[in-house]
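Colleague: Residues per chain are reported as follows:
There are 4 protein chains.
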Amino acid sequence: MKVHVDLCLIPMGGDVSVSAEVAACQQIFQRAGLSHQLHAFGTNIEGEWDEVMAAVKACHTEVHQLGRVRVSSTMKIGTRTDREQSLDEKIESVISKI
Amino acid sequence: MKVHVDLCLIPMGGDVSVSAEVAACQQIFQRAGLSHQLHAFGTNIEGEWDEVMAAVKACHTEVHQLGRVRVSSTMKIGTRTDREQSLDEKIESVISKI
Amino acid sequence: MKVHVDLCLIPMGGDVSVSAEVAACQQIFQRAGLSHQLHAFGTNIEGEWDEVMAAVKACHTEVHQLGRVRVSSTMKIGTRTDREQSLDEKIESVISKI
Amino acid sequence: MKVHVDLCLIPMGGDVSVSAEVAACQQIFQRAGLSHQLHAFGTNIEGEWDEVMAAVKACHTEVHQLGRVRVSSTMKIGTRTDREQSLDEKIESVISKI
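Chains as they are written, first to last, in the numbering used here: chain X, 1 to 98; chain Y, 99 to 196; chain F, 197 to 294; chain D, 295 to 392.
Please keep in mind that the hints were generated in silico from the structure rather than gathered at the bench.
Among these hints, one or two may not hold up.
DSS-like mimics (lysine-lysine), calculated; alpha carbons at most 27 angstroms apart, straight line [to be verified]:
1. D/Lys296 <-> D/Lys351
2. X/Lys97 <-> D/Lys351
3. F/Lys253 <-> D/Lys296
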């Protein structure tokens, strides 16, 4: 099952800045070979369900290892069985109608 | 790794009512033996990461099998390494301070 | 326009515990006379759009005044024009189908 | 109060495709003169709290007028009092650390 995910991971407590932790997650997606796109409130990722979810788990584990004791993520998950559609095609479909 | 999840699953397209699909997901959590609590905008679930995420995947698969071709979920994910805290304890901690 | 909202407010940085800030938000909903229900990952609120959104703004302002310099909320917003449905009726509709 | 918002609006029921409705919302942000950036799971918007929230309300109203009787949005809301930071600066801060 293919999945589209939008992950916004927030380390709670400690430093107000979270960009180091978000950067560490980007590297996890890169090493996993997952197509991903950073935006100002999260990262969109596409791939096989199990691979994407393994990367999300790796993000939580990594951010804990960086010293953050509490992590709260918000994730959107999209699956469809009628057709395949890439993240880029979702954006193009909207832009074509503006 | 223990996890707290808040899952709000939305079948897109077709019938405006989604309660049948949400009910089917409740049964998935029950069969999985996962502690869970339905609220008006989702279901809170607690358990081991892999077991909870397997149940979330089963929800998407089940809702597709019920005939919904597109499913969009919003999920909150909480992990912490400083201490264990149940879903009930989170609520009690707030109520004690009101 | 009536609205259903699920608000999960997270103060970023500083203390790992956020229950004091969540409790302060509960009091804002109470003083505003808004029907609301705390759960383990947020608070469900129902009412007129402008009143509910004014309360959400008051929550951000209050949490900043409590000394938190950065606040990140996740909010679900539901509106419908086909019929009125309370938060309790949403839950009952699911339970009747389990 | 300045605010950063990530809005993902989902019309429920009816057509599986939602790109027409998302396109209509883009036009609302443009007409309101709000800085905004479409991504594959939503739109990031920055501006004054009241102006941004008025645009979000206009999106719900517009999508109902387009014939969708039920609308469910997920919105992330960020405010901070320590410093101003644009949406672009948030992204650059992460990229500089990868």
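Colleague: Each hint should be assessed against the structure and marked as holding or not.
Modeller: For each hint, the structure was consulted:
| no. | hint | verdict |
| --- | --- | --- |
| 1 | D/Lys296 <-> D/Lys351 | holds (17 angstroms) |
| 2 | X/Lys97 <-> D/Lys351 | holds (21 angstroms) |
| 3 | F/Lys253 <-> D/Lys296 | holds (11 angstroms) |
Comparing the model with each earlier hint shows no violations; every hint is respected.
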